[in-house]
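All chains should be built: construct the whole structure from the sequences, respecting the hints.
Number of protein chains: 4
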Amino acid sequence: MMTPPLGDIAHIGHTQLFTPDLDASVAFFTDFLGLTVNGQDGDTVYLRTYDDYEHHSLVLTAREQPGLGRLALRTSSEEALHRRIKAVEESGGTGTWVEDEPGLGKLYVTTDPDGHEHALYWESEHYRAPDDLKPALKNQPQAKPNRGVGVRRLDHINFLAADVLANAEFQQNVLGARPTEQIRLDSGKIAARWLTYTNKSYDVVYTSDWTGSEGRLHHIAFATDTREDVLRAADLAIDTGVFIETGPHKHAIQQTFFLYVYEPGGNRIELCNPLTRLVLAPDWPLVTWTEEERKKGQAWGLKTIESFHTHGTPPVA
Amino acid sequence: MMTPPLGDIAHIGHTQLFTPDLDASVAFFTDFLGLTVNGQDGDTVYLRTYDDYEHHSLVLTAREQPGLGRLALRTSSEEALHRRIKAVEESGGTGTWVEDEPGLGKLYVTTDPDGHEHALYWESEHYRAPDDLKPALKNQPQAKPNRGVGVRRLDHINFLAADVLANAEFQQNVLGARPTEQIRLDSGKIAARWLTYTNKSYDVVYTSDWTGSEGRLHHIAFATDTREDVLRAADLAIDTGVFIETGPHKHAIQQTFFLYVYEPGGNRIELCNPLTRLVLAPDWPLVTWTEEERKKGQAWGLKTIESFHTHGTPPVA
Amino acid sequence: MMTPPLGDIAHIGHTQLFTPDLDASVAFFTDFLGLTVNGQDGDTVYLRTYDDYEHHSLVLTAREQPGLGRLALRTSSEEALHRRIKAVEESGGTGTWVEDEPGLGKLYVTTDPDGHEHALYWESEHYRAPDDLKPALKNQPQAKPNRGVGVRRLDHINFLAADVLANAEFQQNVLGARPTEQIRLDSGKIAARWLTYTNKSYDVVYTSDWTGSEGRLHHIAFATDTREDVLRAADLAIDTGVFIETGPHKHAIQQTFFLYVYEPGGNRIELCNPLTRLVLAPDWPLVTWTEEERKKGQAWGLKTIESFHTHGTPPVA
Amino acid sequence: MMTPPLGDIAHIGHTQLFTPDLDASVAFFTDFLGLTVNGQDGDTVYLRTYDDYEHHSLVLTAREQPGLGRLALRTSSEEALHRRIKAVEESGGTGTWVEDEPGLGKLYVTTDPDGHEHALYWESEHYRAPDDLKPALKNQPQAKPNRGVGVRRLDHINFLAADVLANAEFQQNVLGARPTEQIRLDSGKIAARWLTYTNKSYDVVYTSDWTGSEGRLHHIAFATDTREDVLRAADLAIDTGVFIETGPHKHAIQQTFFLYVYEPGGNRIELCNPLTRLVLAPDWPLVTWTEEERKKGQAWGLKTIESFHTHGTPPVA
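Residue numbers (the working numbering), protein chains in the order written: chain W, 1 to 317; chain Z, 1 to 317; chain Y, 1 to 317; chain G, 1 to 317.
Any given hint could turn out to be false.
[Claimed, not checked] Subject to a maximum C-alpha distance of 20 Å in a straight line, what follows is the list of computed EDC-like cross-link-like pairs (lysine to aspartate or glutamate):
| # | chain 1 | residue 1 | chain 2 | residue 2 |
| --- | --- | --- | --- | --- |
| 1 | G | Lys134 | Y | Asp239 |
| 2 | W | Lys189 | W | Asp43 |
| 3 | Z | Lys296 | G | Asp239 |
| 4 | G | Lys138 | W | Glu245 |
| 5 | Y | Lys303 | W | Glu245 |
| 6 | Z | Lys295 | G | Asp239 |
| 7 | W | Lys303 | Y | Glu306 |
| 8 | Z | Lys303 | G | Glu306 |
Hint data in this document are derived by calculation from the structure and do not stem from the laboratory.
Right under this line is the structure:
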């Protein structure tokens, strides 16, 4: 396996979700998750988590169907951006330059083999909070939210894919992601793989789409400060009518403490907390979970909920 | 020492605070602490914590000076109310019947020796949440607040007093409170005493007023669900300009995890968390802390802050 | 319904469990839960939680079969003890005086209608920690455990019973417990009732035994300081081979955060955390949950696990 | 400023401390912090935190005086190791190859300008837990400790230095660390600088040594899973006689939740928790704190304790 220079992708920047009910979705992300609106452009609303240094962490766009728009990845330099574009094109991919997001320079939009849009960019204005959102501490971009859960950052994205391995290899060989964990079925098929661009144990995940569809979204996840925030979120969810799919509980894979809810547009949203766990080993060996091991359920024995295998939201139409 | 029937006072009901800036104080209690306004009558606003089963937990009344109005105590029955009134009057006290608070029947208003108003009552309508505040679980009076700290209940009150012992004995002999902890100076003087009507380790405290004034307030305290809520509160405080006096830290006495802030009217407010600690022993021996022991500071060694001995807010004028 | 004087039972004192593997059970309670052995007498071992002021919180006795021995209840005075004995005998019950537990005076042993042994007592020596277990703070009986979960206290007991209502009425009418919550089936049958002697929202529970057996135990529960302790306990459980039945999650009824495990003798043990929730209302209205409401599962939607309805451990043979 | 390739240093590997009381120090790290002994060689004991994938996280060596031995840094590849050695030598430094630690290949030992030993290495055997320490989850090197705090990893080191800037520049220019925060006095002098090799917000810190000494240690820090673990640690500390210098509280700089204790040999040890905070921005602007800002104390207003400026432990003699 070719080893590209590590570190050209600095981190995930933001994602775009489509929603058939923009107002309700904006209310969910602001009132329940505690994000802040940072601009609107027609049917598109830009939102940010309090510890994001960039202009936005999430883009919500009105559409007839829910689903995933763009995943944006910031590179670690201008050169790194061009190295990755070259890798895309050498691997047979193509892309288009756009300049359509506030606070960011040009984005190079391409797709993974399954068709999920990836936008690579380098130029990014650091966020400066207006007076009413100024934090007390200068090493924090914005005041901690006083409402809802108050999530810290967009943490990761989980793509449904027809062929997990092909997409994971795109991440590894073209974008330079490192695989950290995977599920291998008895048939030898890779049913899911977790990959990272950083010292976080994962930034992107591919999960096998049982329906055989392409380009769908399993979920996006926001990191909370603490596990207690996840528990508090579950209480806020039931008292405000947010649908809980499963959790709070702890994943065996990656050990993430989780809560899955649906936002009103229909997209699955995870609240996640990894405690202080990181992958620091430069030679971390890919951890493989077997079918047998998966039957044990989550870390503490909770069986995986049925809808977890079936509910997904569509791709860019 | 005479032992009155235990349990005639069921629990503290609510307190009244005066504030020179009613709007700012209401904003503090709703936005920062997460209380809900449940009615207003001229210059008086009624507020409630989410787990209070009664009409209100706090009364805010506009006045030129901050300070303490009424502490209201609910009795455990109609008979208990009359037994306690009889005890007040047998001890030489007097009182007045008023019927001036929404959701409550008649209150018998008397004072402790230091002049702090105590209102005893039995009749109390149980709160029924309006639709927008309905909780998911029927064993909870109101939805968990989606903003601010979201404190559970008014937890205790700490009175400054010229003569701690005389007031503590009023609580014990007339109201039936049980003393659980105290500070005794080398001179023999009782500098503070903690008392309870319940299985909580304290509901009311008397602390020696170094200024020799009478009827002043040291602080009122609200209980959070978790210690993490107290830590989150400290972050919210600095980001919203709430003045932190001291904490978060842990008291040696009563082991309470605490954070002291000032509300905009000038009254000191504690956020407290006792974990799951209770006093269940019916023969709990009064724990006495010496001057020497107090010099060690709080549970983990934090020295007591100077203003803690000097800042208080005045009584009913 | 007759209303006996509230408060004659001060709190649950301790329980006795039988175990076919005494050594393994002692290891579970000390290494995993963090209890301390405080004496042994032949096949019986006395253990205590760190915040118990009495000699022991749990008695483990070797037997061929697991199951429940005695539940001991401390009264609030000598007079209260005699009032309750009188009530037992007036209700047609009988009892026997024994004096067979270290640190305690005489116990009056009787049974509830289902045959679960209840031992009432007043005399109880307060625990004095030996030097190696001395706490730093004098308002705490014993140093906080440095191993395992470090549970604070024995919190409650859940009895299986053939006839829930008859037993609950024994608690209410004879012992003076207050009912706080219950499940009523569509048939009108009471399937479970939660009762308290204190400001805790429950101390004893009766749950319908689907097998129709009498005198069996559903579980005993220990309270942790925090919810985080319950989460940590789940991690310690999987890493030390302790069987997790269900949890961590949150009950709808009583809102307890829970984790159910089996100790090696076969008895079900709950780790529970109620946050700072208490029942302070002297006129708390019994909360009734319907079959329909129970179908929603636990507070956050978790379905009740099947074994919860079937696994129980036998009574005193 | 020259920008070396980022990422040649993968992470801090372990540190070596000297102690005049080896047995007491080993007991502190195992019983209180929950580390595990993984080998001994004469007067040197190797210990590991539960989430370290390498042979050891800490080396304790008996010496007359406490202080710092070696800081070991793992590179991200064999080539990276040689690039960094070349950089050391091009900058005028020298080093020695040693092969004296179990589980590791050759280490290149050099010093920073202040004389603190740095050992660079690539070869490292991944740890395989013996049966009694096997974890339940295969993505974790070792079972979670059942005693003490159970810290996750060695988190960072804080060096005292006569000239902060010179040493920070060595880290940046020679080792490729990125500076994230610093204190600049009104005189223009840099009084402290925080630097990172990873997405953690800091791995090494230089703090001005007021005594003008060289090569001394301010502290080493271990990361806990949660803030609750730090609070629990403070309770365990007071009950087991561990000296607390300051905390638990929250730093303004880096926002770390902290507790400082002294191990029995005299070295200062921090327990730290950064929540889920990371520095992901590849162009993170160095945050500078002024003297004025530092006067505000820690994040929540706690004043910095005096001994923090004076207590340090000596270098390699």
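Here is how each hint holds up against the structure:
no., hint, verdict
1, G:Lys134 to Y:Asp239, "7 Å, holds"
2, W:Lys189 to W:Asp43, "41 Å, violated"
3, Z:Lys296 to G:Asp239, "14 Å, holds"
4, G:Lys138 to W:Glu245, "26 Å, violated"
5, Y:Lys303 to W:Glu245, "12 Å, holds"
6, Z:Lys295 to G:Asp239, "18 Å, holds"
7, W:Lys303 to Y:Glu306, "13 Å, holds"
8, Z:Lys303 to G:Glu306, "13 Å, holds"
When held up to the earlier numbered hints, the structure conflicts with 2, 4 and fits the remainder.
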